[in-house]
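Here is how the chains run, residue by residue.
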Amino acid sequence: MKLSRRKGYSLGYDFRTQLELNIMIWPAIILICVFSFFPFFGLLMAFKSYDPITGIKGIFTSPWNHFQHFTLIFDNFQFWPMIKNTIGINLLGSLVGLPATLLFALLLNEITSAKFKSFIQTVTYLPHFLSWVIYGGLFITLLNPEGGIVNYLLMQLHLVGKPVQFLADPDYFWGITIVTGLLKDIGWGAILYLAAIAGVDQSLYEAAAIDGAGRFKRMLHVTIPSIMPTVMILIIFAVSGMFNNNFTQIFVLQNSLNLPASQVIDTYIYQTGLLQFQFAAATAIGLMKSVLALVLLIGANFASQRLTKSGLF
Amino acid sequence: MVGGKSSGERVFNITNVAFMLILMFATIYPFWYAVASSLNGGVDLQRGPVFLWPREFTWASWRTVLSDPGLIQATWITVSRTVIVTAVSILYTAMFAYAFSRPYLRGRKWVMAVGFTSMYFSGGLIPSFMLINWLGLYDNYWVYIIPSLFGGFWNVIVLNANYKTIPDSLFESAKMDGASEFIVFFRIVLPLSKPVLAALSVFSAVSIWNDYGTTLYFTQSNHLQTLQYLILKLLQTSTAIEQLASTAQLSNASVFALLSKSQGEGLVTSQTLQLSSMVIASIPMIVMYPFAQRFFLKGVLIGSVKE
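Chains H and R supply the protein sequences, listed in that same order.
The opening residue of the first sequence carries number 1 in the working numbering; numbering runs sequentially from there.
The opening residue of the second sequence carries number 1 in the working numbering; numbering runs sequentially from there.
Be a bit skeptical, because a hint or two may be false.
Label pairs and their in silico Cβ distance ranges [as the list claims (entries may be wrong)]:
id: 1; chain 1: R; residue 1: Val287; chain 2: H; residue 2: Ser113; range: 23 to 31 Å
id: 2; chain 1: R; residue 1: Ser6; chain 2: H; residue 2: Ala303; range: 21 to 29 Å
id: 3; chain 1: H; residue 1: Phe77; chain 2: R; residue 2: Val287; range: 33 to 41 Å
id: 4; chain 1: H; residue 1: Gln202; chain 2: R; residue 2: Ser6; range: 20 to 28 Å
id: 5; chain 1: H; residue 1: Leu19; chain 2: R; residue 2: Pro195; range: 36 to 44 Å
id: 6; chain 1: R; residue 1: Val35; chain 2: H; residue 2: Gln276; range: 37 to 45 Å
id: 7; chain 1: R; residue 1: Gln220; chain 2: H; residue 2: Thr54; range: 55 to 63 Å
id: 8; chain 1: R; residue 1: Gln220; chain 2: H; residue 2: Gly199; range: 20 to 28 Å
id: 9; chain 1: R; residue 1: Leu52; chain 2: H; residue 2: Val160; range: 35 to 43 Å
id: 10; chain 1: H; residue 1: Gln202; chain 2: R; residue 2: Ser270; range: 51 to 59 Å
id: 11; chain 1: R; residue 1: Thr117; chain 2: H; residue 2: Trp64; range: 20 to 28 Å
Hints in this document: simulated from the structure, not taken from any laboratory.
Each residue gets a CB set at the ideal place from its N, CA and C atoms; glycine is no exception.
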């Protein structure tokens, strides 16, 4: 900044310009401070004996309770199943979702007709634009034991003797969550890979072809190494999101019967916090989740820097 | 591509196309199934699922849903918040991003620090709930509007990358001529950023239209329900369905006639009501997204190149 001023480029540093720019900036700063930063004070509740009746003031005045909320978390019989569900759904979801999306992008890239390619993309984007209420609702209907098409077909093919209670049986919940999540976002998720593939230097392909590499070899030795940085970034995001479930999805598919497999940290926070008014305990769990996510993000980025020399920051 | 077509390559091509067709079927079919079922007679549907086309075609369920006052109210809430927030937040965020993109903005580093912090950290659900409550926004229509007026720092980054493609000389000559920052923004930046603004508007509209969290966390009155939340309730409770059927009877004589007639003939059941409300609520998004596709691909690409 100073350099350009010395060179005589003073345009824009006058009072009027700065005033106008500040008029543009400040509404957002105020909104961020109020709705993003102000709630940070609420995190104090996690370390205090807080009573909701005391309101906002109580956050500051109520006594410290020596990390009681955090020690109590581990004694809660719901805690370990909840952690298992959270990590299980995310880990399996990523292990299936990341390679499947990459594979889809690679295969889509091999479609030679440009029109057919863009048609496939248009069709596979569709579910991304439907809400989870609707997309989840569609699957609840499809999997319905009474008249749902999946059970109807299974019965007709004599694969099962009686209708399967897909959503009432905890055993199926993880699978349903992962499959519906994949189907909803595979098309959309492929965009990032396709953009990366489009950016690969074409001369690399020509050189590989001259060396006698077939289509498959070119994919394996040119395309995949070239898009590795993109893949790494998505892996880092997946790792740092390990404790972060898609609340909107799980809340739709969840019911009291599949709760043993569907209670995750986010739904638990909603339940204890907003339905049972245990503000302080729910805040403590939320805080713990955020800290773990931050640690995972830094750790994954560090590992990625070491292994592949590419990362987020 | 270099190289001749071997038979192995032909097999690969055919398998690949077949795989794509299956995948497209799997993504589209659940929705089509809902469309076909919602247009089928309710009792008839209980005899067995319809696959591609309604067996007993009827608009009865759609008409019941479309004339329900609760649903009309929810549609009104959803449409109004989507339009207001998208219009204001995209326009304002574009303006903010313009000011932020000016190298001569004093305190730019502070603005950046505030922006990035807001992107990566949040106080979480409960503190936000208490804040909303304290501000008097709980169970208030404004909770849908005020917290969302700024489109978020991620959009600022995308817009910022886009503004970099506008030649500096345009800004400089306008400033030399004495144009204010507002004139530069409205006359130069906005017209040149139409594609990215269109893309961001689509993203914004989709996420607001599909949001049910705000309703779930921050409201309790029936008249503030959004369409998505109402459908969630239809999915979760059968009483909500019965209510839909009974209020429809009370409010509208012609619907009452339709329902009493249709119940005799079994045209409307809770299942067809669920399905038709789901289909109807997704129509706006389905109509919008192919038109916007060419815009938003550009938008996404700009964001990803920035990475």
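Hint by hint, here is what the structure shows:
no., hint, result
1, R:Val287 with H:Ser113: 23 to 31 Å, "26 Å, holds"
2, R:Ser6 with H:Ala303: 21 to 29 Å, "41 Å, violated"
3, H:Phe77 with R:Val287: 33 to 41 Å, "48 Å, violated"
4, H:Gln202 with R:Ser6: 20 to 28 Å, "22 Å, holds"
5, H:Leu19 with R:Pro195: 36 to 44 Å, "31 Å, violated"
6, R:Val35 with H:Gln276: 37 to 45 Å, "40 Å, holds"
7, R:Gln220 with H:Thr54: 55 to 63 Å, "22 Å, violated"
8, R:Gln220 with H:Gly199: 20 to 28 Å, "49 Å, violated"
9, R:Leu52 with H:Val160: 35 to 43 Å, "24 Å, violated"
10, H:Gln202 with R:Ser270: 51 to 59 Å, "57 Å, holds"
11, R:Thr117 with H:Trp64: 20 to 28 Å, "26 Å, holds"
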